[in-house]
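Taking the hints into account, I'd like the entire structure generated from these sequences.
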Amino acid sequence: MLHILRIPLLLTLLLVSGTSIASVRQQLENFLDGLTTLKADFSQELVDIETDQVSHSRGVFYLSRPERFRWVYKGEYPRYIIADGKTIWLVEEDIQQVSQRSQKTALKGTPASLFASVLDLDQDFEVRDLGQRMGLGWLKLIPKKEDSQFEQILLAFEGDRLARMEMADRFGQVTRFDFFNLQRNPPLDDSLFKFVPPPGYDILDQ
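Read in order, the letters of the sequence shown are residues 402 to 607 in this note's numbering.
These are computed hints drawn from the structure, not numbers from a lab.
Don't take each hint at face value.
Said to hold, decoys possible - Estimated spans, in silico, between C-beta atoms of each pair:
| # | residue 1 | residue 2 | range |
| --- | --- | --- | --- |
| 1 | Leu447 | Ile496 | 18 to 24 Å |
| 2 | Arg459 | Tyr602 | 22 to 28 Å |
| 3 | Gln533 | Asp591 | 23 to 29 Å |
| 4 | Asp603 | Gln533 | 45 to 51 Å |
| 5 | Glu527 | Gly601 | 25 to 31 Å |
| 6 | Gln533 | Gln498 | 41 to 47 Å |
| 7 | Gly435 | Gln498 | 35 to 41 Å |
| 8 | Glu477 | Leu531 | 34 to 40 Å |
Note that the Cβ used here is the ideal one computed from N, Cα and C, for glycine as well.
If you want it as structure tokens, here you go:
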């Protein structure tokens, strides 16, 4: 559960080629001012630096501001991560198990907090412009809190869209997300962000 919850919300902002950190940050603030919902497909790669093990997954992400989201992981063993504004639910259908955790505790100081609610970016992160690499413009976010689970977060932009996000945690793992088919402010059913444990499921508190 704790590892799953390190998965961030989708980070979405606009990049203007050659701009400074201050203007990129302003673009982020302007973008979020009008952002109410978001939908995107994603692919995820998890790399264990110590063992060189690599795992892949894919799915769909939904966001409804403030503080509600849903990650749908597809595959042989589908799972869901649902945040309703108070609780985060990890649902594993194949083993009929649900884990729950306070949303405020789970997301504080993580990349998810950037987009789940309004906050001062400089309060939680040091922002660095890494310039152009591999045809993408890169930003690095370094958490200021010493007990953060992340060492750094990289955001890569292609034109006016976020193309990739990479997170290095303190457990020797790097998680990479590639994003596709981003839709800004699409209509989303409210039921996507509600969850009631089905009868017969084991419920674990984290």
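Verification of the hints:
no. : hint                           : verdict
1   : Leu447 with Ile496: 18 to 24 Å : holds (20 Å)
2   : Arg459 with Tyr602: 22 to 28 Å : holds (25 Å)
3   : Gln533 with Asp591: 23 to 29 Å : violated (41 Å)
4   : Asp603 with Gln533: 45 to 51 Å : holds (49 Å)
5   : Glu527 with Gly601: 25 to 31 Å : violated (47 Å)
6   : Gln533 with Gln498: 41 to 47 Å : holds (45 Å)
7   : Gly435 with Gln498: 35 to 41 Å : holds (38 Å)
8   : Glu477 with Leu531: 34 to 40 Å : holds (37 Å)
Hint compliance for this structure: hints 3 and 5 are not met, and every other hint is.
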